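Q: Chains as they are written, first to last, in the working numbering: chain A, 2 to 124; chain B, 54 to 485.
The set of hints was computed from the structure by calculation and includes no laboratory data. Hints should not be assumed to be uniformly reliable.
In silico DSS-like links for lysine-lysine, alpha-carbon gap of 30 Å or less [stated by the list, open to error]:
| # | chain 1 | residue 1 | chain 2 | residue 2 |
| --- | --- | --- | --- | --- |
| 1 | A | 60 | B | 320 |
| 2 | A | 60 | B | 358 |
| 3 | A | 45 | B | 320 |
| 4 | B | 466 | B | 97 |
| 5 | A | 8 | B | 358 |
Quantities reported herein were computed from a predicted structural model and do not represent experimental measurements.
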Amino acid sequence: MAKFFTKEHEWVEIEGDQATIGISGHAAHELGDITFVELPQMGKSVKQFDTLAGIESVKAASDIYAPISGRVVQVNDKLEDAPELVNESAEADGWICKLEGGDPAELGSLMDAAAYAEYLKGL
Amino acid sequence: MLAVTGAGSVEELFAQIPDELRAKSFDLPAGMSEFELMGIMKEKAAAGGADITPFIGGGLYDHIIPAAVDHLAGRAEFYTAYTPYQPECSQGTLQALYEYQTAICRLTGMEASNASLYDGGTAVAEGALMSLRITGRTRVVLDASVNPLHREIVRGYLASLSAEVSQVAPDGCGSDLARLIGSIDGNTAAVIVQNPNFFGSVEDFSLLAAKAHELGALLIVSCYPIALGLVASPGEMGADIAVGDGQSLGNPLSFGGPYFGFIAARKRFIRNLPGRIVGETADKQGRRGYVLTLQAREQHIKRHKATSNICSNQSLCALRGLIFSAALGKKGFHELALLNYDKAQYARSVLSGIEGVSVLNAGATFNEFTLSLPREGALVVEKLLGSGVAAGVPLGEYYPGMEHAIVVTVTEKRSKAAIDRLAALLEEALCS
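Please put together the full structure from these sequences, using the hints given.
A: See below:
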């Protein structure tokens with residue numbers, strides 16, 4: 002399935018009953034060298050747009066919001082030792098966590114890749 | 054000012070302040086010369102109890118301060134530039150704080166220390182807040198043999214959060230380990246204990262650490278730095294966070310401050326430490342340098358999401374702590390601790406030899422112990438003050454039912470003659 006994006010530059014991709022979450026390549030580029038990803042606790046439940054995780058770069062410390070509701074079932078442990086993976090591959094290997102139990106209808110409030118690209122032009 | 058604020062009179066300007074909080078008058082004496090003022094200050098200092106021999110501790114202690122501490126900490130490079138507002142330009146201050154962090158880690162057996170906190174009580178409270186953040190839980194178990202003033206600060210800090218503080222009564226003068234372990238539930242962020250505890254008892258919290266970890270809770274140990282020359286450190290007992298008051302490290306009692314607090318933790322919790330952390334790095338030419346690091350935790354970056362918005366550091370007092378620690382070294386620390394222990398053991402045996410007096414601590418003590426007296430402790434202490442001896446801290450105010458008990462502290466500064474005099478005065482006071 003395709004990726005959907007938020008205005009805060011998170012992405013979500015649904016496969017089966019799991020939603021994989023990350024930040025967009027644009028966000029990773031804007032943040033600069035990422036030094037730390039504060040992964041969410043396993044089992045944590047969030048509503049759409051709640052604070053899910055945190056990210057720190059040499060430039061800024063930011064929150065990562067949940068693009069969709071759900072419960073955290075997996076986190077990308079590799080980021081603990083290699084946060085730079087988010088810079089190298091924000092929209093693939095640099096994913097942050099996986100959620101379950103969300104409502105796919107919530108995707109309706111997000112942008113698809115084309116709409117997000119259009120949105121970035123306007124920033 | 055009245056014109057700018059639009060108030061019609063000074064009275065109107067202060068109308069917001071309730072009448073009962075307003076000063077009724079400012080009855081100040083007339084101005085005086087520097088030399089007249091010095092005379093008054095000297096008189097006040099002489100009347101301030103300098104000739105009283107203290108056997109009181111209870112968290113703050115009368116220890117030796119090597120001359121090097123005053124001399125080095127008083128150097129203008131440190132003294133006037135004690136806080137690095139433009140940190141990277143203050144390499145000397147940053148290096149001193151970095152070395153301070155190293156000293157605190159070595160003392161406590163921890164891996165990461167911040168650059169100091171306000172005092173011991175707020176350090177315990179910051180430890181509690183840290184445990185809530187790390188675990189996402191909302192309850193702390195607090196051993197009631199932790200310093201009562203520190204417990205009040207913990208309650209104060211947590212009162213406005215939706216966090217519960219569950220206190221566990223001591224078993225005599227010791228921590229009730231079975232009840233502490235039994236009090237840990239699935240929502241417990243941490244168990245908070247003190248070693249030696251407020252009664253002076255030295256405890257082994259290793260089992261408590263293991264049980265807390267089994268249930269996903271942390272162990273926070275508040276400790277007395279001088280005791281660490283002899284007593285197992287929080288790190289050795291498996292604690293996750295070590296806190297305490299640093300006053301005993303080179304800072305005078307000074308009628309209540311300023312002192313400093315310390316907090317140190319396992320490395321994996323470093324991003325949850327409050328306050329400043331100094332790190333070592335290399336510049337473009339590969340030269341060693343120091344920076345404030347991991348600042349994304351702090352309020353100037355994270356605002357209301359900072360790890361603390363109420364922490365303060367005490368760089369100059371912490372610097373004194375560092376100089377004191379460096380002057381003593383590992384061997385000196387051990388010897389100082391041993392001297393405290395030996396003198397206190399002597400006092401324990403002499404004082405418990407007085408008729409009707411007994412030691413209440415069941416196990417080992419360091420330089421403090423709890424005495425049971427045949428009369429009310431507060432009255433006995435008051436009586437001995439008249440003879441120039443502060444015999445101890447009466448426990449009645451803090452522990453109902455212990456009105457006849459006092460905590461006696463014997464540091465390396467108390468001579469055998471002073472201890473014998475305390476014993477003689479106590480015996481006389483109890484006989485009359």
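Q: With reference to the structure, classify each hint as holding or not holding.
A: Okay, the hints, checked on the actual structure:
Restraint check: the Cα-Cα separation between residue 60 of chain A and residue 320 of chain B comes to about 23 Å, which is no more than 30 Å; the hinted pair holds. Straight-line distance between C-alpha atoms of residue 60 of chain A and residue 358 of chain B comes to about 17 Å, which keeps the hinted pair within the 30 Å bound. Between the alpha carbons of residue 45 of chain A and residue 320 of chain B the distance comes to roughly 24 Å, so the proposed pair stays at or under 30 Å and holds. For the proposed pair residue 466 of chain B and residue 97 of chain B, the alpha carbon gap of about 24 Å is at most 30 Å, so the pair holds.
Restraint check for residue 8 of chain A and residue 358 of chain B: satisfied, since their Cα atoms lie roughly 22 Å apart, inside the 30 Å limit.
Of the numbered hints listed earlier, not one is contradicted by the structure.
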